[in-house]
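Novice: So you can see what is in the structure, the chains are spelled out below.
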Amino acid sequence: MKNIVIIGNGIAGVTAARHIRKLSDNKITIISAETDHFFSRTALMYVYMGHMKYEHTKPYEDYFWKKNRIDLKRAYIKQVLTDDKTLVTSEGEKIAYDSLIIATGSKPNKFGWPGQDLKGVQGLYSYQDLEKLEANAPDKETCNRAVIVGGGLIGIEMAEMLRSRNIPVTFLVREDSFWNGVLPAGESGLINKHILDHHIDLRLGTNLKEIISDENGRAKAVVITETGEELPCNVVGLTAGVSPNIDFLKESGIELGRGVKVNRFLETNIKDVYAIGDCAEQHEPIGMRRPIEAVWYTGRMMGETLAQTICGNKIEYKPGHWFNSAKFLDIEYQTYGWVFSERSKSEQEAHFHWMHPDEDKCITVAYDKDSKLFLGINTFGIRMRHENFDKWLTEKRDVDYVIKHLPEANFDPEFYKQFENQILAAYNNQLQTA
Amino acid sequence: MSLAKPNAQDISTKKKVALGIGFTGLFILVLALANVELPYKGLFLTLSLGLIIGGVVIYSRDEYLTKLEGIKNDEAWFKSISSRGTWGWVLGVVLTLFYIVLYFFAELLGLGTDGASNTGLIALFDPLSQLLSGRNASQWFVYGTLYTVAIVAFGYKFMLKYRHNRYQQLRTASVMFFQMAFAFLIPEFMYRLNSDVPYNDIKNMWPLNYYAFDQWRVDQFINSGTIGMAFLIFGILSIFVISPFLTYKYGKRWYCSWVCGCGGLAETAGDPFRHLSSKKMSAWKLERWLIHTVLVFSVVMTTAVIYTYLGYDAEKYWFNKDNFLLFVGGFLTLVFVVIMVFKRHELGKDARYGAIGYALVIVSLIAMHYTGTTNEVFYLPAGGMRSAYGFYIGSIFSGVIGTGFYPILGNRAWCRFGCPMAAVLGFQQRMFSKFRITTNGGQCISCGNCSNSCEMGIDVRAYAQKGENIVRSSCVGCGVCSAVCPRGVLKLENGSLDGRINPTDVLLGNDVDLMELMNNK
Chain A
1 MKNIVIIGNG IAGVTAARHI RKLSDNKITI ISAETDHFFS RTALMYVYMG HMKYEHTKPY
61 EDYFWKKNRI DLKRAYIKQV LTDDKTLVTS EGEKIAYDSL IIATGSKPNK FGWPGQDLKG
121 VQGLYSYQDL EKLEANAPDK ETCNRAVIVG GGLIGIEMAE MLRSRNIPVT FLVREDSFWN
181 GVLPAGESGL INKHILDHHI DLRLGTNLKE IISDENGRAK AVVITETGEE LPCNVVGLTA
241 GVSPNIDFLK ESGIELGRGV KVNRFLETNI KDVYAIGDCA EQHEPIGMRR PIEAVWYTGR
301 MMGETLAQTI CGNKIEYKPG HWFNSAKFLD IEYQTYGWVF SERSKSEQEA HFHWMHPDED
361 KCITVAYDKD SKLFLGINTF GIRMRHENFD KWLTEKRDVD YVIKHLPEAN FDPEFYKQFE
421 NQILAAYNNQ LQTA
Chain B
1 MSLAKPNAQD ISTKKKVALG IGFTGLFILV LALANVELPY KGLFLTLSLG LIIGGVVIYS
61 RDEYLTKLEG IKNDEAWFKS ISSRGTWGWV LGVVLTLFYI VLYFFAELLG LGTDGASNTG
121 LIALFDPLSQ LLSGRNASQW FVYGTLYTVA IVAFGYKFML KYRHNRYQQL RTASVMFFQM
181 AFAFLIPEFM YRLNSDVPYN DIKNMWPLNY YAFDQWRVDQ FINSGTIGMA FLIFGILSIF
241 VISPFLTYKY GKRWYCSWVC GCGGLAETAG DPFRHLSSKK MSAWKLERWL IHTVLVFSVV
301 MTTAVIYTYL GYDAEKYWFN KDNFLLFVGG FLTLVFVVIM VFKRHELGKD ARYGAIGYAL
361 VIVSLIAMHY TGTTNEVFYL PAGGMRSAYG FYIGSIFSGV IGTGFYPILG NRAWCRFGCP
421 MAAVLGFQQR MFSKFRITTN GGQCISCGNC SNSCEMGIDV RAYAQKGENI VRSSCVGCGV
481 CSAVCPRGVL KLENGSLDGR INPTDVLLGN DVDLMELMNN K
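Chains as they are written, first to last, in this note's numbering: chain A, 1 to 434; chain B, 1 to 521.
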């Protein structure tokens, strides 16, 4: 019986623990400095908005852990002594392990902005960040304006949260259109409009120069690089991406890049030490994936895979077709396969784009210009079935086939208006004129 | 570890006005209740109901039409009324007291007894009752009117809340229609056409309608000619033919969240409380024992009641006491055998014990009957059982607790823990139905919005995060889990029975070999 210790109680670590328990009788300990129990990080926003309470974000009832003999420990690990196979907590306690899984997730990026450590300046990632936001921005009287820096998924979530309490929000986005490093122009434009419809003061092509302090060391304004404008505010949200939370490993001898370097078996350079989830960095990217993928699903899949290796069935981490999803205020987004933005797509990748006249729904289908091979789809405001696209990608269907069979993949609730005929008509139309 | 609950935000001036209008309407009812002599009762009643509806309409329009379409659950856990705060408890106490008075002290509402004319609140409703059926109001008419007003007004509110969701809108229009027409207007008109026919809401079928086969009703049906017989036959077909067929095709939602009156109130006026239902495993265990016990009680009680008024002699009429009992015993045995043979592996251990236990109870009751010489079937006085059922289940459970406790236990406590009809339909839904909630591959992020908003207390997330479809007896198919899902993971569907239940360890999107290895072991 091995003694397995997992640092981090997020989706990656917890999935690994659950699967190890299914496959073995090993001793399992999960250590977290953040919370006593696993909760869904993606649901923190709903706690602030009042849709749920913190306890509802826990995917398993508290009795689950004892019942499944998964020990939970609340501690901050400050040192990993790989030679002794021992962890040292901030209290100085030593914890021995046979196998160590590092699943410590991410932390918000800070790019050295003047004033980035002032009071009232925060990211939105952890439970503690949620507590901070509750203290910094309980209502619009305490927080007259919030400025959010960084136009990604967390930024737009934070804007939605603050708007739920009627707090005025200015949203600084470096790019000239929201998330257009990832999304094609049409989709990015649709989200720009939707953000403005929600009365969020969206500033595109705008960078943060500095955050100005009041006499108490609290943020009172931000200065914009391009115009020099000074915007008074009480809260500054730093949401310019995340990076692996691995500072505590610097002296450990474990090979680090931006994240913990791992091979395809999720092994680090040190025997019996593994890394999964947001904090893991592949030596070589897998397919078109990035070497670090800070995505819920990736954390889960790595956990599912690593459990096999730990329990004696050594297998490579070999994720299937890429998929992801998000919600931009009221507009749901799903993606299957690869659709790249104009900025990053290859010469070969062509797009078919359809947008509803109301500009609240659209799809982009990516395909190979020559072979017509279907590469991927982005869908906004229309739900689609994962299974169909996964199958079509495996079967290497061409774009004609996918557009024709789109109705089979519709996953919207019953009685919803369906747009596949319009999409097909637009497709035929565009191809004839193209 | 807990976050402080922030104060809910102030409401707009328009909402304050709307509250003023609505509560003025309610106040007129309170005045009538306090026996203030109101002139022009018809006018005041119209004014009162009109103000209540108007208040709700104005409030709802300001609440939802001033915002973009989308999910509107902001502050649900902050507002005192919808998070078991002071206002929630006040409302719970007021509703509970109202139900106690309604069921047990109707004279306090002004019901005229022994031929005396109505006073107070009930008298205020006399003009409307006269208009519809040509007789004075009863406490049940008052209740029925207020019930219908609540479903219509809050149904409108619900439709605005989900104005981007046609499933929600159609379903709400449906419960509004069935309440207005079938529960309220048609029975009143029927009385006008043929006063011998008892009040009959044809959608309210046995066993939810536990008095459906009481002797006085059956006698009245039989004595009131073709229409009465038609009602009686429809009542029997409803439970034995129509509902199993529709449940097979669409799941129990066709009834519970499209037709049923209890469901109608829960889905409209009760909607702000849906997240209060307990999602704990312990609550689910309690639910399974409680609801099936009520069903068994209901079956035993109804059998005993029907038995008492059937004849002894099979020569006079073939459907006598003995044949009836044989029929009941045979039917239950058939159901039991079919389940145990074909669906045994789908039952949990406790469900198997429960089924066997209850089967033994019923078989031994019938056996005792044939070996004993008592006149009372099952050795239990039918009248006593009937009144105990009416008191504890019909009044206390479904009314006082079921609706009075909306702000405490959530809006479906009766439907979940007590309704024998829900138990029957749920059993069919779990065992033989095309309905399921499909989980969309590996897209779940375990956020918990689905579980939080499930009024039946199903931990939807527990299934969705495993990539597993949701097939549960209790699911009423309201579709709100699907609506609130931020990642488009859930869809209510009627499809093939194969692969309806699909537990998986490794979710779609991971290595196909790993999925193969883990999911097909």
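Do not rely on the hints blindly, as some may be mistaken.
As the list claims (entries may be wrong) - As a list, the in silico SDA-like pairs of lysine to any residue whose alpha-carbon atoms are at most 20 Å apart:
#: 1; chain 1: A; residue 1: Lys-53; chain 2: B; residue 2: Asn-7
#: 2; chain 1: B; residue 1: Lys-72; chain 2: A; residue 2: Ile-331
#: 3; chain 1: B; residue 1: Lys-67; chain 2: A; residue 2: Leu-329
#: 4; chain 1: A; residue 1: Lys-78; chain 2: A; residue 2: Lys-58
#: 5; chain 1: A; residue 1: Lys-140; chain 2: A; residue 2: His-198
#: 6; chain 1: B; residue 1: Lys-5; chain 2: A; residue 2: Pro-138
#: 7; chain 1: A; residue 1: Lys-140; chain 2: B; residue 2: Lys-157
#: 8; chain 1: A; residue 1: Lys-318; chain 2: B; residue 2: Lys-79
#: 9; chain 1: A; residue 1: Lys-110; chain 2: A; residue 2: Tyr-127
#: 10; chain 1: A; residue 1: Lys-22; chain 2: B; residue 2: Glu-516
#: 11; chain 1: B; residue 1: Lys-157; chain 2: B; residue 2: Asn-7
#: 12; chain 1: B; residue 1: Lys-249; chain 2: A; residue 2: Arg-145
#: 13; chain 1: B; residue 1: Lys-67; chain 2: A; residue 2: Lys-94
#: 14; chain 1: B; residue 1: Lys-79; chain 2: A; residue 2: Lys-94
#: 15; chain 1: A; residue 1: Lys-58; chain 2: B; residue 2: Ser-282
#: 16; chain 1: B; residue 1: Lys-72; chain 2: B; residue 2: Val-90
#: 17; chain 1: A; residue 1: Lys-314; chain 2: B; residue 2: Asp-513
Hints listed in this document are in silico derivations from the structure and should not be mistaken for laboratory results.
Novice: Indicate, hint by hint, whether the structure satisfies it.
Specialist: Verification of the supplied hints:
At roughly 14 Å between alpha-carbon atoms, Lys-53(A) and Asn-7(B) fall within 20 Å of each other, so this suggested pair holds. A C-alpha spacing of about 14 Å is found between Lys-72(B) and Ile-331(A), which places the hinted pair at or below 20 Å, so the restraint holds. Between Lys-67(B) and Leu-329(A), the direct Cα distance comes to roughly 12 Å. Compliance with the 20 Å bound is thereby established for this hinted pair. Straight-line distance between C-alpha atoms of Lys-78(A) and Lys-58(A) comes to about 26 Å, which puts the hinted pair past the 20 Å bound.
Among the hinted pairs, Lys-140(A) with His-198(A) is consistent with the structure: their alpha-carbon atoms are about 16 Å apart, no more than 20 Å. At most 20 Å may separate the alpha-carbon atoms for a hinted pair to count; Lys-5(B) and Pro-138(A) meet this at roughly 10 Å. This hinted pair does not check out: Lys-140(A) and Lys-157(B) have alpha carbons roughly 27 Å apart, beyond 20 Å. The straight-line distance between the Cα atoms of Lys-318(A) and Lys-79(B) is roughly 47 Å, outside the 20 Å bound, and the hint therefore fails.
Of the pairs offered as hints, the one joining Lys-110(A) and Tyr-127(A) holds, with about 18 Å between alpha carbons and a cut-off of 20 Å not exceeded. Distance hint between Lys-22(A) and Glu-516(B) is fulfilled; the C-alpha atoms sit about 16 Å from each other, no more than 20 Å. A C-alpha spacing of about 24 Å is found between Lys-157(B) and Asn-7(B), which places the hinted pair above 20 Å, so the restraint is violated. Pair hint Lys-249(B) plus Arg-145(A) does not hold up; C-alpha atoms about 53 Å apart against a cutoff of 20 Å.
Our distance criterion of 20 Å between C-alpha atoms is broken by Lys-67(B) and Lys-94(A), whose separation comes to about 54 Å. Distance restraint check for Lys-79(B) and Lys-94(A): the Cα-Cα separation of roughly 46 Å exceeds the 20 Å cut-off, and the hinted pair is therefore not satisfied. For the given pair, Lys-58(A) sits about 16 Å from Ser-282(B) by alpha-carbon distance, which is consistent with the 20 Å threshold. A C-alpha spacing of about 24 Å is found between Lys-72(B) and Val-90(B), which places the hinted pair above 20 Å, so the restraint is violated.
Proposed proximity of Lys-314(A) and Asp-513(B) is supported: the alpha carbons are some 13 Å apart, at most 20 Å.
Hints 4, 7, 8, 11, 12, 13, 14, 16 from the list above are not met by this structure, while the remaining hints are.
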